[in-house]
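**Q** Sequence:
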Amino acid sequence: MVALLSDPTVVEEAADGVFNAAEQWALLWAKPPRSDRSATWSVEDMLLLDEVAGLIERPEGFGHVVVDEAQDLWPMPCRAIARRSAFGSITVLGDPAQARRPGRRGAARSS
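In the working numbering, the protein residues as written are 9 to 119.
Accuracy of the hints is not assured; some may be wrong.
What the hints assert, rightly or not - What follows is a set of in silico ranges between Cβ atoms, one per label pair, in the way DEER data are often shown:
1) 104 x 25: 43 to 53 Å
2) 92 x 46: 20 to 30 Å
3) 70 x 33: 18 to 28 Å
4) 76 x 53: 19 to 29 Å
5) 17 x 42: 16 to 26 Å
6) 101 x 69: 41 to 51 Å
7) 67 x 100: 15 to 25 Å
8) 39 x 71: 40 to 50 Å
9) 20 x 97: 39 to 49 Å
10) 89 x 46: 20 to 30 Å
11) 9 x 68: 15 to 25 Å
Simulated from the structure, these hints should not be mistaken for laboratory data.
All residues carry an ideal CB built from backbone N, CA and C; glycine is no exception.
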């Protein structure tokens, strides 16, 4: 994955016919890491990597998943959590009044 985001040749091979040259350039890291181990991944990067991994091979999962403090979750972490549930059995708990980021991403909205 580091090579894909660091090397213009790898991006071009992978994205040819899918993204134009400007879009391919936008995929590249502005400052590539020196090595795979020194790569810094954002939460969003990790969630996308988890999504790809889940498409390649579904994780074994748990019989039931309990998520507490879920008021700040947005769709991508919810998908990652759902992939860990072998049978779709999930309990989600959260208090909108305790949201750390009101009005942002997955913060609960009153209707």
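**Q** Now look at each hint and say whether the structure bears it out.
**A** Hint-by-hint comparison with the structure:
1. 104 x 25: 43 to 53 Å: holds, 44 Å
2. 92 x 46: 20 to 30 Å: holds, 28 Å
3. 70 x 33: 18 to 28 Å: violated, 41 Å
4. 76 x 53: 19 to 29 Å: Holds, since residue 76 and residue 53 (Cβ atoms, about 25 Å apart) stay within the stated range.
5. 17 x 42: 16 to 26 Å: holds, 18 Å
6. 101 x 69: 41 to 51 Å: Violated, at about 20 Å.
7. 67 x 100: 15 to 25 Å: Because 19 Å falls inside the window, the suggested range holds.
8. 39 x 71: 40 to 50 Å: holds, 43 Å
9. 20 x 97: 39 to 49 Å: The hint (39 to 49 Å, Cβ to Cβ) holds, given that residue 20 and residue 97 are roughly 44 Å apart.
10. 89 x 46: 20 to 30 Å: holds, 29 Å
11. 9 x 68: 15 to 25 Å: The hinted range 15 to 25 Å holds for residue 9 and residue 68, with Cβ atoms some 22 Å apart.
The structure fails hints 3, 6 (numbered hints given earlier, in ascending order).
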